[in-house]
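Colleague: Model the full structure from these sequences, guided by the hints.
Chains as they are written, first to last, in this note's numbering: chain F, 305 to 576; chain W, 34 to 294.
These aren't lab readings, by the way, just hints derived from the structure by calculation.
Warning: the hint list may mix true and false statements.
Unchecked claim - Covered stretches of chain W (chain F as the covering partner; in silico rule of three or more C-beta atoms under 8 Å from a C-beta of chain F):
hint	region
1	136–142
2	239–248
3	252–263
Unchecked claim - To give an idea of the chain W side of the interface with chain F (calculated C-beta under 7 Å), a few residues:
hint	residue
4	L78
5	F157
6	A276
Everything numeric in this text was worked out from a predicted model, so none of it was measured.
All C-beta atoms, glycine included, are put in the ideal place defined by N, C-alpha and C.
Each chain, letter by letter, is given below.
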Amino acid sequence: MRLRALPVLAVAGLLTLTACGGSSSSSDAASSTSAAASSSAGGGDLTGTLTVFAAASLTDVFTDLGDQLMADNPELTITFNFAGSSALATQITQGAPADVFASANQKQMTVVTDAGLDADDPTVFTENVLEIAVPPGNPGGITGLADFGDADKTLAICAPDVPCGAAAETVFAAAGITAQPDTLEEDVRAALTKVELGEVDAALVYASDVQAAGDGVEGIEFPEAEDAVNEYPICTLTGASNPEAAQAFLDLVESDEGQQALTDAGFRSPSN
Amino acid sequence: MPAPLLVPALVGVAFLVLPLLGLLIRAPWSDLWPQLTQPQVGQALRLSLVSATLATLVSLVLGVPIAWVLARSTLPGRSVLRALVTVPLVLPPVVGGVALFLVLGRQGILGRYLYEEFDYTIPFTTTAVVIAETFVAMPFLVISVEGALRAADARFEDAAATLGANRWTTFRRVTLPLVAPGVAAGAVLCWARALGEFGATITFAGNFPGTTQTMPLAVYLALQSNPEGAIVLSLVLLFVSLATLLLLRDRWLGRSGAPLA
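Modeller: Here is the structure:
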């Protein structure tokens with residue numbers, strides 16, 4: 305069950321989520337609070353500290369959503385741990401205190417669910433697709449994915465060991481292109497930096513990264529990106545010290561408002 | 034041996050050696066061979082050794098004269114110069130890599146002319162690896178050699194001068210042999226730092242097997258997908274560098290108890 309923009313479905317989604325959670329005893333309170341939070345009515349009664357572990361790409365959106373939830377619940381403090389999903393999954397399985405985990409891919413969420421640490425079944429709350437990032441003005445004259453097969457162009461893609469590189473391999477394979485990169489970057493930020501400095505003609509990064517870079521880069525969408533859609537799952541954790549607030553945060557992320565914030569940041573709502 | 038020295042020395046050794054023991058204990062010895070014989074490992078190791086050695090040679094050619102200027106000349110503003118030269122020591126290497134882009138990249142202050150006039154770009158080449166490693170490692174050599182020059186007895190140079198040697202001859206025939214152990218120690222330190230260099234290299238030179246992927250880069254990327262493979266790669270780098278340092282110590286520094294390495 306995933307959320308759409310329709311409010312009716314959103315409410316149904318909330319009920320489904322809270323019903324399958326380990327925090328179901330407090331689900332009523334949580335849903336009503338989150339309803340208040342997502343309508344920005346204020347005066348929420350959540351207290352204590354909420355710790356959210358989230359993929360680094362969610363930094364801006366989640367920080368804003370967290371500020372909003374804290375504004376609505378003055379007694380609530382939210383602390384974030386933004387890092388690579390694999391590092392976060394390792395920390396959680398090693399016993400790091402976290403209430404919510406939002407992963408940038410299913411693989412790292414599986415690490416957590418295999419350890420039995422998910423309080424409710426993870427749901428996909430957003431998606432990210434690859435996009436071509438070029439320096440402003442597109443000096444290399446890049447038009448589409450096929451340009452990544454041109455050895456004369458200076459090109460950056462992520463190393464196959466990291467998620468954006470694995471996604472790149474998938475789209476190249478699907479498109480039948482033999483990529484001719486000059487560098488295999490250690491993460492998507494490093495690839496983007498080289499575009500921002502104008503040192504490469506193009507890099508393959510995520511749509512959200514292009515959005516986050518603002519005027520520093522231009523984005524080119526390409527149809528083959530649909531072959532490697534990155535799904536972001538989220539769940540509350542069994543070790544949660546603040547399950548009510550955890551559920552409220554999760555609900556806010558999946559609300560129309562949360563989805564709008566994600567869309568504005570270059571993500572897109574789950575397609576099914 | 035006095036306890037106030039012995040006890041902290043033992044604690045210090047344990048602190049430095051235990052992480053290495055951790056690598057040895059956790060190493061997947063059973064599939065060591067398949068990991069080692071991957072073609073990328075030999076490639077990365079060769080590139081690391083070649084580029085670190087080239088970086089050390091460049092550092093010797095440029096760094097020893099810098100050390101001489103700092104230790105012997107009466108140039109005004111030497112303390113400012115010393116601070117500037119040691120900036121790469123305190124700069125996070127990734128920032129150093131970005132700084133190199135801003136000067137030598139194809140949009141850089143100097144690199145732009147190379148690109149426009151000769152259609153040549155430095156980033157993403159082995160040359161860029163050597164440049165990045167030299168940038169980060171040379172200050173170690175400069176500081177070592179300057180220290181050796183300051184400790185050397187300047188009266189030998191004065192004596193050479195009174196016997197009619199000019200300053201260049203004095204430097205070649207008197208000063209350099211006098212500080213040779215310091216130069217060797219500085220070169221070893223510089224080489225070791227260049228061999229382990231990661232941040233400036235991956236930023237300025239990028240990462241591509243065969244041209245710019247050195248061992249530290251291979252280790253870091255292996256860590257993302259194959260932690261056991263990363264441990265094996267770290268051990269290879271560790272053993273090769275330890276073996277080189279031990280061999281060089283016997284050859285260059287002799288048994289005279291010269292400093293370092």
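Colleague: Each hint: holds or not?
Modeller: Going through the hints against the structure:
Note: the region 136–142 of chain W has 3 residues with beta-carbon separation from chain F under 8 Å; the three-residue rule is met and the coverage holds. Counting residues of the region 239–248 of chain W whose CB lies closer than 8 Å to any CB of chain F gives 6, which reaches the minimum of 3, so the coverage claim holds. Here the region 252–263 of chain W counts 6 residues with a CB under 8 Å from a CB of chain F, which clears the bar of 3, and the coverage holds. Nearest Cβ of chain F to the Cβ of L78 (chain W): about 18 Å, over the 7 Å cut. The hint is violated.
With its C-beta approaching chain F no nearer than about 4 Å, F157 (chain W) sits inside the 7 Å limit, and its interface hint holds. The beta carbon of A276 (chain W) is not positioned within 7 Å of any beta carbon in chain F (closest approach about 28 Å), and the interface hint is therefore violated.
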